[in-house]
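Novice: Below, each chain spelled out in residue letters.
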Amino acid sequence: MIETDVLIVGAGPAGLATAIALLRNAGEKKPRVVVLDKGRSVGSHVLSGAIVDPSGFEGLLTPEEIEKLPCEAKVVKESFRSLFTAKWDMKIPWVPPMMSSKGFPVVSLTKVTAYLAQIASKLGAEIYTGFAVTQLVEENGSVVGARTGEKGLDKNGRKKSNYLPSEEVRAKVVVLAEGGCGILTERLIAEKGLQGTRPQTYALGIKELIEVPAGTQTAGEVMHTFGWPSDFNTYGGGFVYHVSETQVMVGYAYGLDYKRAEIDPFRLFRRFKSAPNVHRHIKGGKTVAYGAKVIPEGGFYAVPKPHAPGVLIVGDGAGLLDSLRIKGVHIAMQSGRAAAEAILANFTGQDARCPSGDALGEDYFKRLQATNGWKEMQRVRNVRASFSFGMPWGVMAAGLAWMTFGKIPWFRVPGCDEGDAAALEPLVRERLAREAADDVEASPMQPDRLTDVFMSGTIHEEDQPCHLKIKDPAACAACEKEFGSPCTRFCPAEVYLREGDHLQIDFSNCLHCKTCRIKCPKGNIDWTFPQGGDGPRYTRM
Amino acid sequence: MRVVVCIKQVPDTTNVRINPKTNTLMREGVESIVNPFDEYALEEALRLKDAHGARVTVISMGPPQATAVLREALARGADDAFLVSSRAFGGADTLATSYTLSQAIKKACGGKTPDLVLFGKQAIDGDTAQVGPGVSEFLDVPLVTYVKKLEVADGRFTVESLMDDGTAVIEGALPAVMTVVKEASTPRFASLAGWMDAVKAPVTVLDEKAVEANPLWIGLTGSPTKVVTIFPPPTKGGGEKVDARGDASAGARAISDFLAKKGLVKHG
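Taken in order, these protein sequences are the chains called A and B. The first sequence begins at 0 in numbering that gives the first Met the number 0 and counts up one residue at a time. The second sequence begins at 0 in numbering that gives the first Met the number 0 and counts up one residue at a time.
Hints are computed from structural coordinates only; laboratory data are not their basis. Just so you know, nobody snuck in bad clues.
Pair by pair, the computed Cβ-Cβ distance ranges are:
| id | chain 1 | residue 1 | chain 2 | residue 2 | range |
| --- | --- | --- | --- | --- | --- |
| 1 | B | V204 | A | W93 | 57 to 65 Å |
| 2 | B | S255 | A | A477 | 47 to 55 Å |
| 3 | B | R16 | A | K158 | 33 to 41 Å |
Using N, Cα and C, we set each Cβ at its ideal position, and we do this for glycine too.
Pulled out of the complex, with its shape left as it was, chain A reads as follows:
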């Protein structure tokens, strides 16, 4: 058995901020900090836009370290467009001040994460990748450690010649930094009843890196859009970030509380790229990288109680995201710092024990609530729910919330209360035919889904148990009748295919985005962990 002081699950911005803050502020007696991540390398499973609000780095990194951040460009020109149809759109004449990100760094979060890992390692954090943490270990109602996943099982679950058993890591405190819809986090929330006022609501974010001919674009120019090809009842929006003169990050996020079962977010993304005012940014381009991830958009009211005895939840896993700006990296890092401060305040010396009960967790939550990120979330707490009544209400609520510092509306706007899966309505088959017919022509910047999946670098050992478990095949048959198997459309990696009566699951395409776990209308898909090290291999996302 392995013993450590702090075990951090997930080497993303939240987990690494926790590690850095712990080791930087610990003084003489540094705690042992072990960070485990299921990606092959640090950053392999990290994806974001990303224009990062730099406030997350301040106070955590030294000015010299901030100076050296792998920043692709700084935002020099920013615009917002509301898209009504492919060809009809409107440029918002001014950038709303609360949305402005002028001067902010445009980054590949994959690269920033790798950079944070270097800093954490230098400070003494032990970061091990390729290890999925598949289980928390509890004793007397308190989390005391976690177990890594087995490796080397064949597709029937039998041990192969290279079988590696699960290993147990004991820790005085476990910090869950798994990211959006983290599996251990979700299990913990369910088991301990930690859910917030309303369930979490997500958006599926799909992103490509497109290389464009030199001399056609300006580095640092960014555009945000909302609306089309999403309908007015669904929270959808896109972005175009020129990270260099020849590279553009293009993405589309689509609210998973969408109602229409025929919708295929990947197709929406393709259509988005074909809109003239988007297309001109990527003219003559070629897609070179792809990825997808869910964004916890529920905001303030969807934040769970982020702690239980022996365990703290930080970052996206706790839904810590400003759902107006769709920015969470800075709040994730602030939450990591808050967790580190609480741990250091409650443990003194190397033989310190976890304070009994949940005193540590309560202290963490108090510190989290004092961060700027939390206040920001509070201010825009009603925005996401207002959007569930339609785009105009959402926009109005956003404006009001900002101008009045979140005082209006003073009550909690209902909406998104049932969870994303429950929002789905039965399939209207005529619309499915129309949706399937309306597609965009293939081109180097409009690769088909499987070509895109290839460019995500995702890879899974084929001879292992399928990590996407269907709980009840009969429910799939019922879903096919009622909803027309929406998993075959909402999956951005073409994992699910219907072949006659049978649902074929190509798990090796999986991008670990968890959309299927969230949106399956029957709640019939259990997302378990594939072998550690498997999954996407993002390098520039």
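Got chain A sorted already, so can you dock chain B onto it with the hints?
Specialist: Below, chain B alone, put in the same frame as chain A:
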């Protein structure tokens, strides 16, 4: 028994693209990995450790970053690790590399030739398959290439070597140098506990003085071959597609006509 495994850090060529203007590798976003064939060589060595208690030494020649592949080998169960690294070794071709490695192997084994030196059958970046054989020459011990099964008993080895048209069973006396193919085994995973030990384990760096190399035989000076140019092969055309959906016999006819036209088959 002492077993040395030589491993190389290579770019993950499944992801590599070539800059059409400069004809150089575009390394951005490309990870460095253990040469996959070397993993099979390491696995054979670790199996000898499991079965006979062999001491497994890993050696890599390359820049300081190559320490990463040595640590990975330590995490899987290798006993000690040496990094052969110095500016003086820069620009070495396969001959100079073979010489340098053979000196390093002897140094790592206290001046003696180990019982067994294992290599992957080739590296996926250079694809020459010359360094293993080169080392066997410098160490002056027998060489067996393309090993897919390896057994050792009483100072002798029995191996199965993969040939184009079958398998050769070869017996001989140790010491020997062997290159291993992927058909040999499935490499084991490093455990978390293994990694925790590996990151703390020492990696000894050997430079040209430490390996007592003849300065004329190493680096660029010791390399009789030079890379003159690098260029990607011309892109092949798309080929002809025969769509036989709906009518398989028409498809078969089209293919057979095509082959007949090329004079590859005769219509009977």
